[in-house]
Amino acid sequence: MMTSRIKEQKTASNLPARHRAERIWNGGLILSTLLGVLFLVLLLVKIVNDSFGYMVTEYGVSPNAMAVNGVPVWDLPKEDQVLFLQENISPGRFKKLMKENALLDRSQKEIEALIMQEIAEPKVAQTWTLSQSIFQRSEIQTTASQDYPQGELSFKAWLNWDFITSPQSSDPLSAGIRTAIMGSLFLIAVAVLFSLPVGLGAAIYFEEFAVDNWLNRLLKTNINNLAGVPSIIYGILGLAIFVRLWEPVTSGAILSGVDAVSLNGRTILSGGLTLGLLVLPIVIINSQEALRGVPYTIREASYGVGATKWQTVWSHVLPNAIPGIMTGAILAISRAFGETAPLVVIGASTYIVYDPASIFSKFTALPIQIYQWTSRPQDEFRNLAAASILVLLVLLLGMNTLAIYLRNRYRRTY
Amino acid sequence: MTDHIQSPALLLRSKKISRAKHSRRPGEAVIIALLFLCGLFSILVTVAIIYELTKEALLFFADPNVTLWGFLTGLQWQPKINQFGVVPLVTATLVTSAIAMVVAIPLGLMVAIYLSEYASQKVRGTVKPVMEILAGIPTVVYGFFALTFITPLLRGAFGSDTVQIYNMASAGLAMGILILPLIASMSEDALSAVPRTLREAGYSLGSTKIEVALKVVVPAAFSGISAACLLGISRAIGETMIVALAAGAGPNLTLNPFESAETMTGYMVRISGGDLSYDSMDYNSIFAIGLLLFVITFILNQISRLVVHHFREAYE
Chain A
1 MMTSRIKEQK TASNLPARHR AERIWNGGLI LSTLLGVLFL VLLLVKIVND SFGYMVTEYG
61 VSPNAMAVNG VPVWDLPKED QVLFLQENIS PGRFKKLMKE NALLDRSQKE IEALIMQEIA
121 EPKVAQTWTL SQSIFQRSEI QTTASQDYPQ GELSFKAWLN WDFITSPQSS DPLSAGIRTA
181 IMGSLFLIAV AVLFSLPVGL GAAIYFEEFA VDNWLNRLLK TNINNLAGVP SIIYGILGLA
241 IFVRLWEPVT SGAILSGVDA VSLNGRTILS GGLTLGLLVL PIVIINSQEA LRGVPYTIRE
301 ASYGVGATKW QTVWSHVLPN AIPGIMTGAI LAISRAFGET APLVVIGAST YIVYDPASIF
361 SKFTALPIQI YQWTSRPQDE FRNLAAASIL VLLVLLLGMN TLAIYLRNRY RRTY
Chain B
1001 MTDHIQSPAL LLRSKKISRA KHSRRPGEAV IIALLFLCGL FSILVTVAII YELTKEALLF
1061 FADPNVTLWG FLTGLQWQPK INQFGVVPLV TATLVTSAIA MVVAIPLGLM VAIYLSEYAS
1121 QKVRGTVKPV MEILAGIPTV VYGFFALTFI TPLLRGAFGS DTVQIYNMAS AGLAMGILIL
1181 PLIASMSEDA LSAVPRTLRE AGYSLGSTKI EVALKVVVPA AFSGISAACL LGISRAIGET
1241 MIVALAAGAG PNLTLNPFES AETMTGYMVR ISGGDLSYDS MDYNSIFAIG LLLFVITFIL
1301 NQISRLVVHH FREAYE
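Order-wise, the sequence lines are chains A and B. Each residue of the first sequence is one higher than the one before, counting from 1 in my numbering. Each residue of the second sequence is one higher than the one before, counting from 1001 in my numbering.
Heads up, a few of these hints could be off.
Restricting the straight-line Cα-Cα distance to at most 25 Å, the calculated cross-link-like pairs of lysine to any residue (SDA-like) are [to be verified]: (1) A:Lys220 with B:Ser1185; (2) B:Lys1080 with B:Lys1215; (3) A:Lys309 with B:Ala1029; (4) B:Lys1128 with A:Trp25; (5) A:Lys220 with B:Phe1036; (6) A:Lys309 with B:Arg1025; (7) B:Lys1215 with A:Glu118; (8) B:Lys1128 with A:Glu79.
Listing some non-contacts, in silico: residues in chain A with all C-beta distances to chain B over 12 Å [claimed, not checked]: (9) Asn88; (10) Lys109; (11) Gly235; (12) His316; (13) Met326; (14) Tyr410.
No lab work stands behind these hints: they were computed from the structure. Just so we're clear, the structure is a prediction, and the values are computed from it rather than from any experiment. Yeah, the Cβ is synthetic: ideal placement off N, Cα and C, and Gly gets one too.
Turn these sequences into a full structure, and let the hints steer you where they fit.
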């Protein structure tokens, strides 16, 4: 009697403390979750913030001062602009430009761009972020006029159409990511063409044909192990096998018959195959999941009308599993799209001005470009990196949305 | 009407089928063989990884200046003066990974507990995609974030004299954010798998919600949660682009997170980024370090798998 009352009192007395603990924990849990969401918001805000903003440019020759007989050069017809260009750059440089493409054949816009680049020579002196540009506008204006009296303050959207469609350049004002995007697309194409058939084949084997013996168990465990191998390991594997050992193949020497000395294996083919190996476990695991989702009754119905095992798989299981397989493939693609380390290791070139012509071309890729620009100390390259990250994220988001859409659109309930 | 015309044909076909049954379809065996080869290919990849890493690493150890013992215990990594001690690189890897785990494990677990025990369907529907997006962002983007956002933040908070431009803390923190969703979603799966009856038993004894969560559900899901943490560590050790961008170039034996130091993966990226000539000491060294990295992550992944298999509490 006595003891139970004491116990009761004890329980009653620690109740407020326990409830307090409940409230504190509850607050802590919500806070952590909000923190997780906050990280994403911060990341996105930071990237957008760096992709737009004021910048000061200083010119070798001010574009407003360029005039022929008092007429601003920008109002002249194309022929006179070419003449102006010829008079103001070295003959050697002019010859080189002519060699690339006869100047008179170029459009007026291209000539004006050349005049800007060759004669005006704009240099980015300082850049500001979007938030600074909005909230500290007057300070920026005074700094700009004090520190750079010759400079021109303008609002720059680092992410713009020219940025997406221009090739790579060492000049931050005209640099673009077209070659990088093209490189990424080529890489993905090779990776998918290689990993999708092999991965799907493996998944079909494991799910539909493999009997439970030690070999098949080993193979299945191995897939999970491969999925856990760090991506840089795939990079050095690609370096040793595709770039070095298979150089005659990956450099295209076998096909073109060109002497292999001038070529090397650091090509799109090597990069794509490396990425293909990297995403292979993802493709296999996702396809297995999709095949497993097809109910057994469908298979039995097919066997019931006398179909063989392969006929069943080909005509009944696969068509039902296609949406799941597609979703998995898209997720694999988005993984491959953002992979950087393996490409750096197999030696993606960073300065590529021309679009890749074939799978035997040297290449750069969007994440490589971001890595390269981020590691430069100058602010304007950080702005370029932010703008390319924005492009990358939009592409990835698009792919993931497509994957989710496919999953929901074609999801069947049995 | 058509029935009359078709019936002989049908008869014929059924005869064919019965004959086909005996002779089997020879094409089918070929297809199955091809599928088996696809399955076998994955083991080929593993063999290739182990073979190549070992082969080149053996070339590295064949150099008179290198011994296995010196490699594993040497405190200096200076290939130019023939000092090949991997300890500084490993230390930097451990420091950045430890910082990442200090961020990712508590936060990830808290998020997981919140999502599985507290959150309404609606909240879960918003937070889970956010986590998936965080997990899907390429690591080079986190590297950019570390270098241009976290580093200035740290330098502002602790002074730019204490915090170097490239430092391990910034890389570690970014890595923590990267790994948070991995731990959160795996742990959440483990927590959700704990049957409702266990929770209800807890409530019927008068426990509060958090008491049930911490003293009943978390212990019941312990195997899944520890597997998630081990995978997170393995992921942190193998992570490359964040440390390559934010942790600095150049090996440095230090435990101070505000100093710059190169990790194993950071070294591999820096060395192979240039034009690397085959069979040079630099070339061989990345394979030796790669082998070490592979072994470490492999062991961690195996332990993680064993933990799930052997310590799983089976219900029903």
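Taking the hints in turn, this is what the structure says about them:
This hinted pair checks out: A:Lys220 and B:Ser1185 have alpha carbons roughly 23 Å apart, not beyond 25 Å. A hinted pair counts as satisfied when its Cα atoms are at most 25 Å apart, and B:Lys1080 with B:Lys1215 does not qualify at roughly 55 Å. Proximity of A:Lys309 to B:Ala1029 is assessed by CA-CA distance (about 11 Å); at most 25 Å being required, the pair is judged to hold. A distance of roughly 21 Å separates the Cα atoms of B:Lys1128 and A:Trp25; the hinted pair therefore holds under the 25 Å criterion.
Between A:Lys220 and B:Phe1036 the CA atoms are separated by roughly 12 Å; this keeps the pair inside 25 Å, and the hint holds. With a CA separation close to 11 Å, the supplied pair A:Lys309 and B:Arg1025 stays within the 25 Å bound. Using a Cα cut-off of 25 Å, the hinted pair B:Lys1215 and A:Glu118 is violated, with the two alpha carbons roughly 72 Å apart. Restraint check for B:Lys1128 and A:Glu79: the C-alpha separation of about 61 Å exceeds 25 Å, so the hint is violated.
The Cβ of A:Asn88 sits about 37 Å from the closest Cβ of chain B, beyond the 12 Å cut-off, so the non-interface label holds. The beta carbon of A:Lys109 is kept farther than 12 Å from every beta carbon of chain B, the shortest such distance being approximately 32 Å. Listed as a non-interface residue, A:Gly235 fails to keep its Cβ farther than 12 Å from every Cβ of chain B; the least gap is roughly 7 Å. The Cβ of A:His316 lies farther than 12 Å from every Cβ of chain B, with a closest approach of about 15 Å, so its non-interface assignment holds.
Here A:Met326 stays apart from chain B, with its beta-carbon at least about 17 Å from theirs, past the 12 Å limit. At roughly 20 Å, the least C-beta separation between A:Tyr410 and chain B is larger than 12 Å, which holds for a residue marked as non-interface.
The structure fails hints 2, 7, 8 and 11 (numbered hints given earlier, in ascending order).
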